[in-house]
Amino acid sequence: MPKKPTGKLGKERLIWMYTQMLRIREFEERVKRTFVEHPGVIRGHTHLADGAEASIVGALATRQKDDLAMPSYRCHGYPIVLGTSVKKMMAEIYGRKDGLCQGFGGSMHLADPAHHFPGTSGIIGQAIAHATGAALTAQVKKTGQVIYCFFGDGASKQGVFFESLNMAAVWKLPIVYILENNEYQAYTHISLEDANSVAGDRLSQKAEAFSMPGVTVEGTDVLKVYEAVGKAVKRARAGQGPCLIESKFYRFSAHGNAITIPPVPTQFPKHEAIETYGKKKEYAAARAKDPIQMFRKKLRSRGILSEPDAKRIEDSIRTELEEAVQFALASPFPAPEEATKYVFA
Amino acid sequence: MPREMMYAEAMATAITEEMKRDSDVIFYGQNLGMTDRDPMVRMFGKNRVRITPISETAELGIAIGAAMTGLRPVVELWMSEFMLVAMGQVLNEAPRLRYMSGGQVKVPVVFKAGYGFAAGWAGQHSNCIYHTMMGVPGLKVAMPSCAADAKGLMAAAIRDDNPVIYLHHYMQMLDKGPVPDGDYVIPFGVADVKRAGSDVTVVATGWMVSKSLAAAEALAEKGISVEVVDPRTIEPLDIETIVNSVKKTGRLVVVDQATRHASVGAIIAGEVAERGFQHLKAPVKMVTALDTSIPYSEPLEKYVLPNEEKIIDAVKGVLNSMSRGA
Numbered sequence: 001m002p003k004k005p006t007g008k009l010g011k012e013r014l015i016w017m018y019t020q021m022l023r024i025r026e027f028e029e030r031v032k033r034t035f036v037e038h039p040g041v042i043r044g045h046t047h048l049a050d051g052a053e054a055s056i057v058g059a060l061a062t063r064q065k066d067d068l069a070m071p072s073y074r075c076h077g078y079p080i081v082l083g084t085s086v087k088k089m090m091a092e093i094y095g096r097k098d099g100l101c102q103g104f105g106g107s108m109h110l111a112d113p114a115h116h117f118p119g120t121s122g123i124i125g126q127a128i129a130h131a132t133g134a135a136l137t138a139q140v141k142k143t144g145q146v147i148y149c150f151f152g153d154g155a156s157k158q159g160v161f162f163e164s165l166n167m168a169a170v171w172k173l174p175i176v177y178i179l180e181n182n183e184y185q186a187y188t189h190i191s192l193e194d195a196n197s198v199a200g201d202r203l204s205q206k207a208e209a210f211s212m213p214g215v216t217v218e219g220t221d222v223l224k225v226y227e228a229v230g231k232a233v234k235r236a237r238a239g240q241g242p243c244l245i246e247s248k249f250y251r252f253s254a255h256g257n258a259i260t261i262p263p264v265p266t267q268f269p270k271h272e273a274i275e276t277y278g279k280k281k282e283y284a285a286a287r288a289k290d291p292i293q294m295f296r297k298k299l300r301s302r303g304i305l306s307e308p309d310a311k312r313i314e315d316s317i318r319t320e321l322e323e324a325v326q327f328a329l330a331s332p333f334p335a336p337e338e339a340t341k342y343v344f345a
Numbered sequence: 346m347p348r349e350m351m352y353a354e355a356m357a358t359a360i361t362e363e364m365k366r367d368s369d370v371i372f373y374g375q376n377l378g379m380t381d382r383d384p385m386v387r388m389f390g391k392n393r394v395r396i397t398p399i400s401e402t403a404e405l406g407i408a409i410g411a412a413m414t415g416l417r418p419v420v421e422l423w424m425s426e427f428m429l430v431a432m433g434q435v436l437n438e439a440p441r442l443r444y445m446s447g448g449q450v451k452v453p454v455v456f457k458a459g460y461g462f463a464a465g466w467a468g469q470h471s472n473c474i475y476h477t478m479m480g481v482p483g484l485k486v487a488m489p490s491c492a493a494d495a496k497g498l499m500a501a502a503i504r505d506d507n508p509v510i511y512l513h514h515y516m517q518m519l520d521k522g523p524v525p526d527g528d529y530v531i532p533f534g535v536a537d538v539k540r541a542g543s544d545v546t547v548v549a550t551g552w553m554v555s556k557s558l559a560a561a562e563a564l565a566e567k568g569i570s571v572e573v574v575d576p577r578t579i580e581p582l583d584i585e586t587i588v589n590s591v592k593k594t595g596r597l598v599v600v601d602q603a604t605r606h607a608s609v610g611a612i613i614a615g616e617v618a619e620r621g622f623q624h625l626k627a628p629v630k631m632v633t634a635l636d637t638s639i640p641y642s643e644p645l646e647k648y649v650l651p652n653e654e655k656i657i658d659a660v661k662g663v664l665n666s667m668s669r670g671a
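Which chain is which? The protein sequence lines are Z and D, in order.
Residue numbering for the first sequence follows our numbering, beginning at 1 and increasing consecutively.
Residue numbering for the second sequence follows our numbering, beginning at 346 and increasing consecutively.
Treat the hints loosely; a few may be bogus.
Residues from chain Z that keep clear of chain D, each with C-beta distances beyond 10 Å, as calculated [unchecked claim]:
hint, residue
1, G10
2, E183
3, A209
4, S211
5, T216
6, E275
7, K279
8, D290
9, Q293
10, L299
11, S316
Below 20 Å or equal to it, Euclidean Cα-Cα: the simulated PhoX-like pairs (lysine-lysine) are [to be verified]:
hint, chain 1, residue 1, chain 2, residue 2
12, D, K451, Z, K341
13, D, K391, Z, K172
14, Z, K142, D, K391
15, Z, K142, D, K365
Output of the computed footprint for chain Z on chain D, the stretches with three or more beta carbons under 8 Å from beta carbons of chain Z [to be verified]:
hint, stretch
16, 390–398
17, 410–416
18, 428–440
19, 445–451
Treat the hints as calculated values from the structure; they're not laboratory data.
Glycine included, each C-beta is placed from N, C-alpha and C at the ideal position.
Please put together the full structure from these sequences, using the hints given.
So, in C-alpha cells, the structure goes:
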C-alpha cells in the first residue's frame, strides 16, 4: 500500500471518481426499482454492477483518450464512466427507440462505440476474445491504445479465457485483463468450481500459466485498483504485453432478475448467499465493506469532500437518474418492422 | 486477360491482392507464415501475417474483435470442422454483434475453411456443415466451384462488411481454370448459370458443380439438355435465378454433398416448392450424401457420396417422372 493512498490524483479527479461510483450505484438502483415500480417494463435478463463500483472506476480512471473498455454482459457500469448517456442506456434497458441500441440489444448488449465501448457478448467469457482482438487492432495499426477487458470469475473457467490470454501473451498485445472476482459465478460459489479457490490460492495465479504478471487487488478500494491497473496499463502501452488482475469484491445484487415465465412478472431475488446458501452473515459482512461508503469516508476524513459537496453530488445524481427513468418511460417503442434492419451491414 | 491457374492459387491471389489494396486486411491461422521465407510474410510482414496456436475459439473471437475495431481479418481454418470447436463465435458472436448494437458496429471477417474432403479423411474431417451457417441471419456463406470463382468470391468476401464463411473444396484445390487478372470481384447472391440447357435444371454447390457439369456433358450425348446453376453463395441465396431456370425447364434436380436433411438442397427445394411450383412438370429430386458419417474405406466413402452417375439417374428420373402437363 502506498504511503499516500490518493497518490498523484488531485482533488478534482478524486471527486470525479467518487461521482462516477455513485452514478453507477444510482443507475443500478433505478434499474432494480423498475422491476417493482414498473413491472414488465424490463424483459429478459438484467445483471447489475452494484458492489463493483470501485473496481470499475478505479480501472477506468487510468484510461487515456482512445482506450477501449470491453466487458461481459454485466455491462452497465463501464459506459457510465466512459460518458455514455444514462438516458439512452435506461431507454435501451426499457426496450425503447431512443435506447443506445434502439432496442435491439437490451441490458446485456449495451454498445456505444462513439464512447470507446464497442459492445459486449451475453455468453460468458466470449468477449474476452473480442477484447483481445481489439488489442490486436491497436497493435497492428499502432494506435497506442490499451484495451481494458473485464470479465467475471466464472468466465475464467472458459476455454476462451485460456486461449485468449495465451495468444495475447505470445503477441504481447496491449491489453489488461481484469478478472472481477465477486465470489459467485451466476449462482454457484467459487469454492465449488475454481481450482485456485479450492486450493485457497488467489485466482490471479492463472496468469502464471501464460508467463504474464498476475496481481490480486482489493477491488473494494478504488485507489488500490487504480494503482494496480495503472501499472498494468503502463506496461501494456509500453509494448510489454498483458497482465491479469484479479479484483476482489462482492456482488451486492443477485446474479440477475428471477427467470420467470410470462406473464408472471420478474423481480430481483435475494442474493444467492442468502437465497441459496443461507449465508446471511457473509452477505452482511460484504455489505459492511461498501466500496462507495469506504471511499466517501476516506475523502471526508482527508478533507477532500465536504458534507455540503457530498450532498450536492448525491442530489444531482438522483435528479440525473430520475430524468433518465422518465426519459426512458416516455420514449416510444421501435416500429415493429424495424426488426429486419441491421442484419447485414 | 484471364490466366490459367489452380483453384488454390486463385484464392491465394485474391488474398494477396486484397492485402496489397487495403492495409487493414490481415491474415492468420495455424501453421502458416512460420518462417521469414514465407512469401506472405515477406510481402506483408509479421504484423499482418501471423501464426496462431491451435485455439480456434480465440482465433475466431480475436478476429471478430479486431473486425469490430477496424481491421479486416482473414482467418485460415484449414478444415471447416475445426470451426465446430468454436461454433459459439461463428454462429452466436460474429453475426449478432452488429444487430444487437443497433447497427453501430460491423464485423468484416472472413473465416476460410476447406470442406468435404472425400479422400479417406473419414468421419471428422470430410463433412459438409454449411447448413448450420446458412440459416443464421448476419452470416454470409460462399462456396466457390472453380478457380475464377475462388478468386472473385474471396475478393468479395474480404471487401464485405459482414462476417463471411468462405468454404473451399479440397478436392478442387489443384483444378485449373481461367482466372481474370486484376480486380475481379463476384457479387454475393448472384447465381451463375454454368451451362445453359432446356430440359432439366440442376442446381449444385461447390464440388458438386463440376460433377453436375460432367453429368450434363454425358447426358448431352443422349440428347438431354441440362442447365447447371451454381448459386456460388448459399447465403445470400439467389432463388430468383433458380426459379427462372425452372420456369424454362420445368424440372429440377438439386445436388448437394451434404447429408439429405442438412443440405442446401433441401432449402432450395423448399423455396422452389413455394415460389415455382406452378412451373414444375415433375417432383423435385435431391441428390445428396446418404445420412451417415463419412466412412474411411474408399468403396464405403464412394457409396455414401453423390457422384456423376447418381446425378445422371436423377435427371433421367425427373424426365421419366409422370408429367403434370404444362
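Structure-based check of each hint:
1. G10: holds (32 Å)
2. E183: holds (26 Å)
3. A209: At roughly 13 Å from the nearest Cβ of chain D, Z/A209 sits farther out than 10 Å, so the non-interface label holds.
4. S211: Label holds. Min Cβ-Cβ 14 Å, cutoff 10 Å.
5. T216: holds (24 Å)
6. E275: holds (29 Å)
7. K279: holds (33 Å)
8. D290: holds (33 Å)
9. Q293: Label holds. Min Cβ-Cβ 35 Å, cutoff 10 Å.
10. L299: About 36 Å separates Z/L299 from the closest Cβ of chain D, which puts it past 10 Å; holds.
11. S316: The assertion about Z/S316 holds, with a minimum of 29 Å to chain D.
12. D/K451 <-> Z/K341: Answer holds: D/K451 to Z/K341 is near 13 Å, not above 20 Å.
13. D/K391 <-> Z/K172: Holds, because 13 Å separates the two Cα atoms, which is no more than 20 Å.
14. Z/K142 <-> D/K391: holds (14 Å)
15. Z/K142 <-> D/K365: Given that 20 Å is the threshold and the Cα spacing comes to 18 Å, the pair holds.
16. 390–398: n = 5 at 8 Å, threshold three: holds.
17. 410–416: This one holds; 7 residues, not fewer than the three required, reach chain Z with a Cβ under 8 Å.
18. 428–440: holds (count 4)
19. 445–451: The restraint on the stretch 445–451 of chain D holds, since 7 of its residues have a Cβ under 8 Å from chain Z and three suffice.
Violated hints: none; the structure is consistent with every hint.
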